[in-house]
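Read top to bottom, the protein sequences are chains A and B. Number 599 in the numbering used here belongs to position 599 of the first sequence; there are no gaps in the numbering. So the numbering used here is basically just the index in the second sequence, starting at one, shifted up by 809.
No lab work stands behind these hints: they were computed from the structure. Quick caveat, the model's predicted, so the values are computed rather than measured. Mixed in with the good hints, there may be bad ones.
Computed list of chain B residues with no C-beta within reach of chain A, every gap over 12 Å [said to hold, decoys possible]:
#, residue
1, Lys-890
2, Trp-948
3, Glu-950
4, Gly-994
Pair ranges (Cβ atoms, derived) [unchecked claim]:
#, chain 1, residue 1, chain 2, residue 2, range
5, B, Arg-812, A, Val-240, 18 to 26 Å
6, A, Pro-224, B, Phe-877, 50 to 58 Å
7, A, Arg-524, B, Gly-994, 46 to 54 Å
8, B, Asp-947, A, Val-240, 16 to 24 Å
The C-beta atom is built at its ideal place from N, Cα and C for all residues, glycine as well.
The primary structure of each chain is shown beneath.
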Amino acid sequence: MNKTEFAGLCEKKIVVLDGATGTELQKYGLPKDVCPEKWVYDYPETISEIQKKYVEAGSDIVYACTFGANRAKLSEYGLENDLKNLNIKLIEISKNCSNKNFFVAGDISPTGKFVEPFGDLSFEEAVVIYKEQISSLVEGGVDILAIETMIDIQETRAALIAAKEICDLPVMVTMTFSEDGKTLTGTDPLTALNILQSLGASAFGCNCSTGPEAMIKIIKEIKPYSKIPLIAKPNAGLPVLKNGRTEFNMNSEEFGEYIPAFIDAGINIIGGCCGTTNEFIKQIKKRVEGVKPLKLENQKISSVSSARKTVFFGHNFPLTIIGERINPTGKKELQEELKSNKLNIVRKFASEQLISGAAILDVNAGVPGINEKEKMFEIIRFLSKNFDAPLCIDSSDPEVIETALRLYPGKALINSISAEPHKTEKLLEAASKYGAMFIILPLSGKIVPKSAAERIEIINQIISESKKFGFTNLDYVVDGLVMTISSNPDSALETLKVIEYCSEKLKCNSVLGLSNISFGLPERSYVNSAFLVMAASKGLTMTIANPSDELLIIMKRASDALLMKDKNCGTYISLMNKKKYGREDSVKINDGVLDPCGLVYNSILEGDSDNIESRIDSALKSKSKISPSDLIDKYLIPAITKVGELYDQKKYFLPQLISSAETMKKGFTVLEPYLSKREIETKKITIVMATVKGDIHDIGKNIVCLMLKNYGINVIDLGKDATAEKIIETALNHNADFIGLSALMTTTMPQMKITADLLNQKKSGIKIIIGGAVVTQKYAEEIGVYGYAADAFAAVKLIEPGLLIPKSI
Amino acid sequence: MRRNSLVKFNRIQIQTPVGKIFSRLGYNKHLTEIDEKTRLNIFDKINDAKDICAPSACFYRTGIKTVFQDTVIIESGCEIKSVKIAELLKQSSEIIFFAGFVGKKIIEKINEVLKIEKGSVAVVYDAAASEIADSIMDWLETYFKSELKREGLKITDRRFSPGYGDFKIEYQKFFFDILQLSDSGIELTPEYMLVPEKTVTALCGIF
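Bound conformation, chain A alone (with noise of 0.2 Å):
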């Protein structure tokens, strides 16, 4: 069957697949720990009954029994040299199974392993395991191929990737989604969907997962993106156990009362999976008889995907910035970073523009000196693994887009593709395999064409090439050419002209690199901001930007908004209540005049403790002449009480409680040598800490000491692992008014009933208070100490009930 064949098959009914192998097997006596695949090979009848009465049940298609015939899983059992006859003969059983007229696909599974960036295995030999398994699928004369159960997206690229390169037979793909939706690498269905029909999987859909039910919703869901066929394979409810034994949860009968509703859904192909029998695919073929599928009729709308997230865009989405700071270009610590094998500031650029409003990064690898092929691979697999936002490829070497490609485990934007002879058929070619959409860029030389029709010229060019390859409209994106109005002041008109023209024209998505405009004048981001909104009027569809240029960023929700591109104005109306820095609690500024005092407040309410410094020298150095101690006790003091409240309010959470506290530390450090000896040396309330003998989990007692000492306690840590004897000693010989003890284990608890037994002996007057994972008031009761801290400020106002700062200061 060739691909034409298969989609008028879809499109003429709907297609039955077949039930359950791995279950069914079972039943004919499949034991545990032997390779399912050689199984069948010895006992080639079982397979075949099976078989049969699938195909007597209505089943148009029929899994050959060979889901593990791969490499990776047939070396578990020693078996990876037999492959090739395995396959063969695999195949040959089910094509014999019955007389009657039915396809034989060649089934097709995960490896086991997960395939870079997500696990061990690399993607090339990912490839190769399974163009060595459809090599002889299809020597084995299969009809068609069947990726399923997969549970990684690049896996499943590289399935589908490696059946592209051996033949040109149908493929049919499935996904496993976990309960949460989402495959257990975190791809959503539609995410699986856009990345593998840009791929060229010839039906996609979900087998497995879960019962029918979960999966109607899948189908649902997906079904307006779709421009392939779409594939359900139920497992027959859920395992439940009865009498002993493992069953499904759902007859044939409740299991076929769901097949209208995936046709109302519309399915095109419907099998079952795990738990269904022959009597499930009876159920099917009884009420898809004679029903013709729901016609592909998908939206009209362009996309990219990462693994984990699809960005659409087009004239009816809010305009979509392309952040482009992950550019080595004119950015020497970036280029040096690139050299030296580091992504620190890849990291911290791709997180900033997407916490920016990037929906897109931008990425070139591009520095003299360095291989930009491996580069951009590793910049690719970083930012894959780290971020859920899709990839725009970006390189001027049609080898190193060709090759992230291949790499990337998404549905990927490439930038650029200009008029250049060979160099634009490659491009399109890569596109094209890869499922690539693409950016156009109006050059066909060096020389940048400064007129608008010259530009739309070469545009046509290259849409006229593109088509040849089955691109539409939806798939480019038409870069309008940015030029700077310092030395040529008509290019912001003509650049405008090109977007008008491919808004009214072509009907086709636009974009600007920005910043171009304004390049040479002063206040640059007026400039850029004013041009993005014009073009944004033309129909401009993205830009490459900086997100983090807030006019530029607030221009563009106002611009979304005027544009009717942002319902009820709700995005803008969200960023503007955001941008509201700082607390309703915080000293409002009276009739327009700052209080410098009333700053020092806000900036321990708010934690700031870079401005913390600058504050209290301008508030002791104003007109109000206030006193460092007088500084102290009406402004930090009640601020940091309040920031209390409002912790113990849930107003505020530990982050934000504990920054206040670092930054009151900082001011006291600040004003300390302002204040007089007699108010330094009075006693200092000292506690000593540890993490208990036997016990080395440290880390929440070491914030705990951490906030004691910003709140002007006298911390003594003796870290972890520390004795009774030893604690108590340090706690008398420092004279010290509490002993802070931590545990994280049930089994180290007992320890601190043994300091506290110890520590009553001495009569000291030190109080215990206590903390830890597992620890409890009750359990501190029980042990009868002073007190118990759930956190780090339930310690400090345990050691200060009330003031909650210590009165020596």
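For this one, chain A is given, so just place chain B on it according to the hints.
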């Protein structure tokens, strides 16, 4: 999922459990008021932690010979004495021992920021590492469920770790040996604690 052989995942793709990290830090979505600058800063630190953590895992599946009221005997003849475990495994024919780790680097990083007295950063790193470690164990359970479904099997609803209930911490040694944790850079202290911190072990049953 083959029996009686150790399976290792040297790199696992974990979705950052941002919500759980915030909850662990005391964030209450109805009450906590957090300004944009602080929120972005915390997200940035979570991203940092995610980058530093190296989620990996391993497991070992084996058969159960007998389950008594307070003892489970596994295929190799080893005994686990615990009423809780016996109760958990009473309907199971097999058992999976598993472990998840986030690596040494994140612990070193937490200690490093604590040394320079950046407690507000350390708490975020600490919470992120703890929740990522938990997510690794959840990921493994999801993996087991998905793999075992094809065998018509499922796992117990709960997992159990040494040191909880009557499942003595001493069994950490058993996990350490059977999962060959020393090969993964994990150490076991004389008090049966696993180093680095945030290394988690557990077992569950298959039925």
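Now the hints, each set against the structure:
| no. | hint | verdict |
| --- | --- | --- |
| 1 | Lys-890 | holds, 16 Å |
| 2 | Trp-948 | violated, 7 Å |
| 3 | Glu-950 | violated, 10 Å |
| 4 | Gly-994 | holds, 16 Å |
| 5 | B:Arg-812 / A:Val-240: 18 to 26 Å | holds, 23 Å |
| 6 | A:Pro-224 / B:Phe-877: 50 to 58 Å | holds, 56 Å |
| 7 | A:Arg-524 / B:Gly-994: 46 to 54 Å | holds, 50 Å |
| 8 | B:Asp-947 / A:Val-240: 16 to 24 Å | holds, 22 Å |
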